[in-house]
Amino acid sequence: MEQQLKIDFEKNLKDLSYSDQEKKFKETNFKEFLKQGFPNRKLENWKFSDLSQIIKSNIGELAFYNDHSKENQIDKIELINELEHNKLIIVDGKIEKIDFKFEDDDKIEVLVEQAEKNITKNINSLINLNNAFSNKFCKINIKKNYSLKKPLVIYHSTNKNTHFKNINLRIDFKLEENTCLRIIDIFKENSEKNFINVYYNFELDRSSILKNYKIDKIINDNVKYSYNNVKQEANSISETFILSSGSKFFKNEINCDLQGQHSSAFVNGIFDLDDENHHEIKSNINHLVENTKSYQLVKSVLEKKSKAVYQGKIFVSSEAQKTDGYQLSNAILLSENSEFNAKPELEIYADDVKCSHGSSSGSLDENSIFYLMSRGLNYKESKKLLINGFLLDVIEKITDEEIKNLIKDLMGVKE
Amino acid sequence: MRDKQIEDLKDYKYGFSTDIESIKAPKGLNEDVIKFISNIKKEPKWLLDWRLKAFERLKVLKEPDWQKPKYPKIDYQDLYYYSAPKSFKDKPKSLDELDPKLLETYKKLGIPLQEQKRLNGIAVDAVFDSVSVATTFKETLTKQGIIFCSISEAVQKHPELVKKYLGTVIPLTDHFFATLNSAVFTDGSFVYIPPGVRCPMELSTYFRINASDTGQFERTLIIADKGSYVSYLEGCTAPMRDENQLHAANVELIALDDAEIKYSTVQNWYPGDKDGKGGIYNFVTKRGLCKGKNSKISWTQVETGSAITWKYPSCILKGDNSIGEFYSIAITNNHQKADTGTKMIHLGKNTKSKIISKGISAGFSDMTYRGLVDISPKATNSNNFTQCDSLLMGNKCGAHTVPYIKNKNSDSNIAHEATTSKISEEQLHYCQQRGLNPEEAVGLIVNGFCKEVLQQLPMEFAVEAQKLVGISLEGSVG
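Protein sequences appear in the order of chains U and F. All the letters of the first sequence, read from the start, carry residue numbers 1 to 415 under this note's numbering. All the letters of the second sequence, read from the start, carry residue numbers 1001 to 1478 under this note's numbering.
Any given hint could be a false lead.
As the list claims (entries may be wrong) - Okay, derived cross-link-like pairs now, DSSO-like style, lysine-lysine, Cα gap no bigger than 30 Å in a straight line:
| # | chain 1 | residue 1 | chain 2 | residue 2 |
| --- | --- | --- | --- | --- |
| 1 | F | K1396 | U | K231 |
| 2 | U | K56 | U | K383 |
| 3 | U | K397 | U | K149 |
| 4 | F | K1343 | F | K1163 |
| 5 | F | K1343 | F | K1143 |
| 6 | U | K282 | F | K1068 |
| 7 | U | K47 | F | K1062 |
| 8 | U | K408 | U | K211 |
| 9 | F | K1068 | F | K1467 |
| 10 | U | K42 | F | K1318 |
| 11 | F | K1070 | U | K322 |
| 12 | U | K231 | U | K188 |
| 13 | F | K1396 | U | K282 |
| 14 | F | K1343 | U | K383 |
| 15 | F | K1378 | U | K282 |
| 16 | U | K248 | U | K144 |
| 17 | U | K304 | F | K1349 |
| 18 | U | K305 | F | K1318 |
| 19 | U | K11 | U | K139 |
| 20 | F | K1451 | U | K322 |
| 21 | U | K231 | U | K383 |
| 22 | U | K282 | U | K293 |
| 23 | F | K1378 | U | K305 |
By construction, these hints were calculated from the structure, which means they are not laboratory data.
Looking at chain F on its own, in the form it has when it is part of the complex:
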């Protein structure tokens, strides 16, 4: 019975692809493609100009190569930069008008779009390839003045907000992948929480790459105005394909005075097969700006998928008394590689940051924690605490820690600790003595190891994440 279960789990659960006709932009990266994207989305001229400016900048930028996991060169001319299901040309007015095949896909993914949505009380903005499918729970949110829609919709309906904040955290002149995204981003979510509003529910997006040869370039922009609070969830899956697919998203968070943003990710992109063939390149730029006083941004991530994960969700603590947090679990198995961590940049007075990172590597995988804590001379009385622990399973995998610690302020404190170890024989022995088989024992111990981070996730996600942790490590023991 158990063997069968393992057999089922071994295969990527979300590895189906849906047969839906889609509209694609011509292959390749050039001005025409950018104009095509901009045109099909009926964007105003300033946004097209902005994209073209990014493209100009992209021409002089070089792809970075300092990361630990190396990958074969990506041919950016051989990608489709826009792909949308055909039936989307006339946007559906309500869920009932959606292509039933699409809905079925989501059902397989377990996204609460139909009946489940009310039970779970999650407002979902699902992104299928590059276009937002449907946004639920809009009414409840609209009553409070909360704007939660796709970014293309926001460009049409709230251009003043988009124009004011887009690119303020991740500027056009940033690194290669961020700039590439600025030039060709297709869709993503937009959230605006008005002053003093506490968002009554968890907002959620599900990304999914369907068509082959497409890069997915979403752009998410979340603005929490003075005194507001929002918790945002993001989940990712992609169908099984032999070739590698690129995912280069940009996420910008802006917290004004006394506002708080909590951003949680459960990333389960297709990791490639057990020989390391295929899988997603997850090169995402995530950055939060604590712009106002007493603001807070908290990142929580569970990274189990992708062939290569390369991202550093960061916090720029600009406002006085602002707080940045980063909680991460990264699991790599088989031939997966991850180079992830965070940056905490302390600029304001009395700023605090906390980093808890747990890395688990098994099989032939390779995992790197890379982080920066930078306390500038003006950030008086700031504090940072960092803890990064790694767990190794087998001697074919690697776990690395590369923290950069810069303290330029004598009234500020930085504490950093890191450990690397394996699951001790005693712990395993103890669990097995009490009737657990080795795999269950490992699962139990690993979940305990990750507990500090799992606790940070909203309830619905925590359960899924816990399961994912177990699935990702199947077959790595024994």
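Okay, chain U solo, but in the shape it has when bound:
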């Protein structure tokens, strides 16, 4: 693999003209990735999901070079009809279309950047990989006091001939003071057996609101990793919702730094897994100043040989008095081969805080089934009704009515 990596990296560097500084940035990242490789179970963060092993058994040998010189066809991509929206279409990690037709032109600034000036923080080897190979990254600035009228839908797609590839994508968002942005990520690939690595960087200025809904519903054989890095100033709100269902493997990692007073973060997730799918959500909520709040709710329904992992961490620094942190995960295991692992972690250095977490896992409640069946439903209907109700709890947490209904339709969940 190392040989392949080096060849592909050289190709990638040649393809685009980089300044010396950018080259250096990419090389440093590349070296770091070479040193560490794909994360494995020896790392605490990857204890329950050995990515190196997962890639080996599901994909085999990966190639890292993507030819971005020719344009990909985008007319075959199925768009959402139920909802008027702005579009961002990505094929093989390349942004093919940016369309903000519902918005005021002067309020949104889209920049294409080559590379960061220097590495501010070494997060993990996958981010290094992303930095080394993602060609250009897009930076979207929302200007002061502007709320987007329609949500932005980001379509993640691949060319149908793309197989056994590593695809990297990075987008940075800056929300200036008093702005609001809603993002829906739709994962819908046209090819199988790829490793897709998505890295979002959010900067939330004072009183801004970010809502990010990630939807992975279509059944596919790809291995995915997504990292959201959110920095929040005073009075800002971030809401993340993850529907984790279709991919072979999907790990969603959310890192939230609450660095302004009265900022709050919400992370909600649903695992709806079947077959041998293996999904994970890892959250890192860092309460760094006083009066911040976080709330996390993750529910799982696991069929067949599926496996769900939830690692939620609340960190409270010694300055962050009056923190309110809450975390709950529930799982229903429907098959004897399914598996649920959780590591709800609290790391607290301040005393005037209210932090708690709860986690439960088990089978469907036989008494409830009995109750429903005694009222004339058959077993299948009873089971469906109970699971619907169970998942609806999380969906109801979505604060945007339009999108809530869209997700309800998508999941076939009715009230």
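Please build the complex by placing chain F on the supplied structure of chain U, with the hints as guidance.
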């Protein structure tokens, strides 16, 4: 008056050391030292071979470093692995022959060895440095067929039992500290309860590290045969010393069909002074195996001492319908650090486990609850309930919760909850309004917070533990 009391309590009550000549093995860790220990204890060859095998294994093992409290590297060659009071060379036949200085030490510790022993009805196996001092109440126990003696004695008198069970729960190939113990363990207690016998009294051991530069490596082995019951108490203190001392004990419990073992610890090793200098490193491996059907193992611990506490008393629930319980109070003050919790490994059908953990941190201390609940695919219809609560006093300390929850069986349920908070102003205000001063109020509230665990302790220990809770937190309020 109160000020004086606090002044007295502030100093470690058990911080005296006794001037007794002792025999030490040469400093360092090597085959000769192991042979020396084995030889002086007149051990059979199989045990020496077993120790040497452990030592071989130790050479390739690395010290673990994933724990939260970090500590300076321990130089294992700079420790004495054996230290025994000189007057022990010819073992005393009865209590009257004991060195009076020793007895005085125990009196200061408040161990009921002489007159108190009959009043309290506790059979004590006191371990002074590395050799068991005297075992009381032997006769009463012998009548019932119960074996309660030091492990060195058991090796001599009941080799078949020791050979059969030693290392079955904590194998030679375990982690670094457990293997180190297997290689150099000096003494400890051995308990065997024959089938159908309910041990008529609480068995108890008191450990005490006296000589400086010694590591204490005891090994305790408790076997409860079919249908038997035993409750075992363990208490620990150590004299005040500037340098850190290592304590790496192994405790193995085995419960056969329908047997029950209750193991209670009140740990009050020297925690270091208020600047964090000195103190004991308490790296203990405790593991219980519910081997038979319907067996039960219950751990109760009150951890107030030690500079660093790093231990996870665990239960392997192998027999069907077996039960594991873990009740813990851990208190850290000043610069103390603790990383403690439990492991519940469900292997058999219908197994149940319950974890109640209460952590209190004050001063500059740091406390971590780390636990594992693992329900294997075959453990149908198993249940776990975990509750871990932490209380913080001041913003210089930390409280962390790191539970690992693995459920691989759809018919099994796991429930886990944890909270972290501080003592509310309302509660304090209410108590003070009724005439308590702030410290008393805190003591009262903390005791209430710990009540669920304190209730699990046998009567005599509960009183001591309650007092310890109060002492440990003195000076942390206000």
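Hint-by-hint comparison with the structure:
1. F:K1396 - U:K231: holds (25 Å)
2. U:K56 - U:K383: violated (36 Å)
3. U:K397 - U:K149: Holds, at about 21 Å.
4. F:K1343 - F:K1163: With a Cα-Cα distance of about 26 Å, the restraint between K1343 of chain F and K1163 of chain F holds, given a limit of 30 Å.
5. F:K1343 - F:K1143: violated (36 Å)
6. U:K282 - F:K1068: Holds: K282 of chain U and K1068 of chain F sit about 20 Å apart, inside 30 Å.
7. U:K47 - F:K1062: This hinted pair holds, its Cα atoms lying about 20 Å apart.
8. U:K408 - U:K211: Since the Cα atoms of K408 of chain U and K211 of chain U sit roughly 17 Å apart, the hinted pair holds (cutoff 30 Å).
9. F:K1068 - F:K1467: It holds: about 28 Å lies between the C-alpha atoms, which stays within 30 Å.
10. U:K42 - F:K1318: Distance of about 27 Å is within 30 Å: holds.
11. F:K1070 - U:K322: Holds, at roughly 29 Å.
12. U:K231 - U:K188: holds (28 Å)
13. F:K1396 - U:K282: Satisfied, since the Cα-Cα distance of roughly 28 Å is no more than 30 Å.
14. F:K1343 - U:K383: Distance ~33 Å between K1343 of chain F and K383 of chain U Cα, so the pair is violated.
15. F:K1378 - U:K282: holds (28 Å)
16. U:K248 - U:K144: violated (40 Å)
17. U:K304 - F:K1349: Holds, at roughly 21 Å.
18. U:K305 - F:K1318: This hinted pair holds, its Cα atoms lying about 25 Å apart.
19. U:K11 - U:K139: At roughly 24 Å apart (the allowed maximum being 30 Å), K139 of chain U and K11 of chain U satisfy the hint.
20. F:K1451 - U:K322: holds (27 Å)
21. U:K231 - U:K383: violated (41 Å)
22. U:K282 - U:K293: With a Cα-Cα distance of about 18 Å, the restraint between K282 of chain U and K293 of chain U holds, given a limit of 30 Å.
23. F:K1378 - U:K305: holds (15 Å)
Checked against the numbered hints above, the structure breaks hints 2, 5, 14, 16 and 21 and satisfies the rest.
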